[in-house]
Amino acid sequence: SQELEQSPQSLIVQEGKNLTINCTSSKTLYGLYWYKQKYGEGLIFLMMLQKGGEEKSHEKITAKLDEKKQQSSLHITASQPSHAGIYLCGAVNNDMRFGAGTRLTVKP
Amino acid sequence: DGGITQSPKYLFRKEGQNVTLSCEQNLNHDAMYWYRQDPGQGLRLIYYSQIVNDFQKGDIAEGYSVSREKKESFPLTVTSAQKNPTAFYLCASSRGTYEKLFFGSGTQLSVL
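Read top to bottom, the protein sequences are chains A and B. When the letters of the first sequence are read in order and numbered with our numbering, they come out as residues 1 to 108. When the letters of the second sequence are read in order and numbered with our numbering, they come out as residues 1 to 112.
Since the hints were derived computationally from the structure, they do not count as laboratory data. One or more hints might be untrue.
Below, simulated SDA-like cross-link-like pairs (lysine to any residue); rule was C-alpha separation at most 20 Å, straight line [stated by the list, open to error]:
#: 1; chain 1: B; residue 1: Lys57; chain 2: B; residue 2: Ser67
#: 2; chain 1: A; residue 1: Lys107; chain 2: A; residue 2: His83
#: 3; chain 1: A; residue 1: Lys107; chain 2: A; residue 2: Ile61
#: 4; chain 1: A; residue 1: Lys68; chain 2: A; residue 2: Ser7
#: 5; chain 1: A; residue 1: Lys38; chain 2: B; residue 2: Gly42
#: 6; chain 1: A; residue 1: Lys36; chain 2: B; residue 2: Gly42
#: 7; chain 1: B; residue 1: Lys14; chain 2: B; residue 2: Pro85
#: 8; chain 1: B; residue 1: Lys100; chain 2: A; residue 2: Met48
#: 9; chain 1: B; residue 1: Lys57; chain 2: A; residue 2: Asn93
#: 10; chain 1: B; residue 1: Lys70; chain 2: B; residue 2: Phe55
#: 11; chain 1: A; residue 1: Lys36; chain 2: B; residue 2: Tyr98
#: 12; chain 1: B; residue 1: Lys100; chain 2: A; residue 2: Leu46
#: 13; chain 1: A; residue 1: Lys17; chain 2: A; residue 2: Ser57
#: 14; chain 1: B; residue 1: Lys71; chain 2: B; residue 2: Ser7
#: 15; chain 1: A; residue 1: Lys17; chain 2: A; residue 2: Ser82
#: 16; chain 1: B; residue 1: Lys100; chain 2: A; residue 2: Gly52
#: 17; chain 1: B; residue 1: Lys100; chain 2: A; residue 2: Gly31
#: 18; chain 1: A; residue 1: Lys69; chain 2: B; residue 2: Lys100
#: 19; chain 1: A; residue 1: Lys56; chain 2: B; residue 2: Lys100
Anything over 10 Å on all C-beta distances counts as not near chain B; from chain A, calculated [as the list claims (entries may be wrong)]:
#: 20; residue: Leu11
#: 21; residue: Glu15
#: 22; residue: Asn18
#: 23; residue: Thr20
#: 24; residue: Glu55
#: 25; residue: Ala78
Computed, partial: chain A to chain B, Cβ under 7 Å [stated by the list, open to error]:
#: 26; residue: Gly31
#: 27; residue: Tyr33
#: 28; residue: Glu41
#: 29; residue: Ala100
Note that the structure is predicted; figures quoted are calculated from it, not measured. All C-beta atoms, glycine included, are put in the ideal place defined by N, C-alpha and C.
Kindly produce the complete structure, drawing on both the sequences and the hints.
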């Protein structure tokens, strides 16, 4: 089955700083999803990437899928406390599998 | 409003007891999924269903059972064979196999 490795596992940043989260797949990605989770809640969809080299942005969050379609990055510009949570990447094969997640803390 | 509803929010299980977690969606989605999340870990797939009356095992199906008798419902039973059931359980649905997932708010299961 497809393995997804996320790095870092956790991240603590000062408010206003930029940060990047990475997701690496053991197989070619046919669809890569980024979700955000608040503790004890469900997952909220952020973005989906399908094409190699694709880049999407929403507010201060940008996600990219590399040309070889085996790695994706999520970049947050000028982080805010509202960005805090767990970020998970998910990949579609016959089902949806997820990475272990990156726990983001933003200090005011 | 369309969405996916999980109940209850919190559930307690006694030793040797089976418990059932409810998942209902009114999004008219064909595919539904159950995931387990342990503290500090990602989501692990338990079961998924792409169509009514059909479902497949995920990575950690042992000790769990599901049914898909109706399109909108995908209940998960945690049986007494599951020796470490304490976890956060998430249900999700999608329009099709390669579509984005919509998640419920989760059920926290604990053992008494």
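Comparing the hints with the structure gives:
1. Lys57/B / Ser67/B: holds (12 Å)
2. Lys107/A / His83/A: holds (11 Å)
3. Lys107/A / Ile61/A: holds (18 Å)
4. Lys68/A / Ser7/A: Given pair Lys68/A, Ser7/A holds - Cα atoms ~19 Å apart, limit 20 Å.
5. Lys38/A / Gly42/B: At roughly 13 Å apart (the allowed maximum being 20 Å), Gly42/B and Lys38/A satisfy the hint.
6. Lys36/A / Gly42/B: Between Lys36/A and Gly42/B the Cα gap is close to 12 Å, so the pair holds against 20 Å.
7. Lys14/B / Pro85/B: Given pair Lys14/B, Pro85/B holds - Cα atoms ~11 Å apart, limit 20 Å.
8. Lys100/B / Met48/A: holds (8 Å)
9. Lys57/B / Asn93/A: OK: Lys57/B and Asn93/A at ~14 Å, within 20 Å.
10. Lys70/B / Phe55/B: holds (12 Å)
11. Lys36/A / Tyr98/B: holds (19 Å)
12. Lys100/B / Leu46/A: The given pair, whose Cα atoms are some 10 Å apart, holds under the 20 Å limit.
13. Lys17/A / Ser57/A: holds (17 Å)
14. Lys71/B / Ser7/B: Answer holds: Lys71/B to Ser7/B is near 17 Å, not above 20 Å.
15. Lys17/A / Ser82/A: holds (13 Å)
16. Lys100/B / Gly52/A: Roughly 18 Å between the alpha carbons, so the hint for Lys100/B and Gly52/A holds.
17. Lys100/B / Gly31/A: With a Cα-Cα distance of about 9 Å, the restraint between Lys100/B and Gly31/A holds, given a limit of 20 Å.
18. Lys69/A / Lys100/B: holds (18 Å)
19. Lys56/A / Lys100/B: Cα-Cα ~15 Å, so holds.
20. Leu11: Holds: least Cβ distance 14 Å, greater than 10 Å.
21. Glu15: Label holds. Min Cβ-Cβ 24 Å, cutoff 10 Å.
22. Asn18: About 24 Å separates Asn18/A from the closest Cβ of chain B, which puts it past 10 Å; holds.
23. Thr20: Holds, because the least Cβ-Cβ distance between Thr20/A and chain B comes to about 19 Å, which exceeds 10 Å.
24. Glu55: holds (18 Å)
25. Ala78: It holds; Ala78/A is separated from chain B by about 26 Å at its closest Cβ, greater than 10 Å.
26. Gly31: holds (6 Å)
27. Tyr33: holds (6 Å)
28. Glu41: This interface hint holds because 6 Å falls under the 7 Å limit.
29. Ala100: At about 4 Å, which falls below the 7 Å cut-off, the nearest Cβ of chain B leaves the hint on Ala100/A intact, so it holds.
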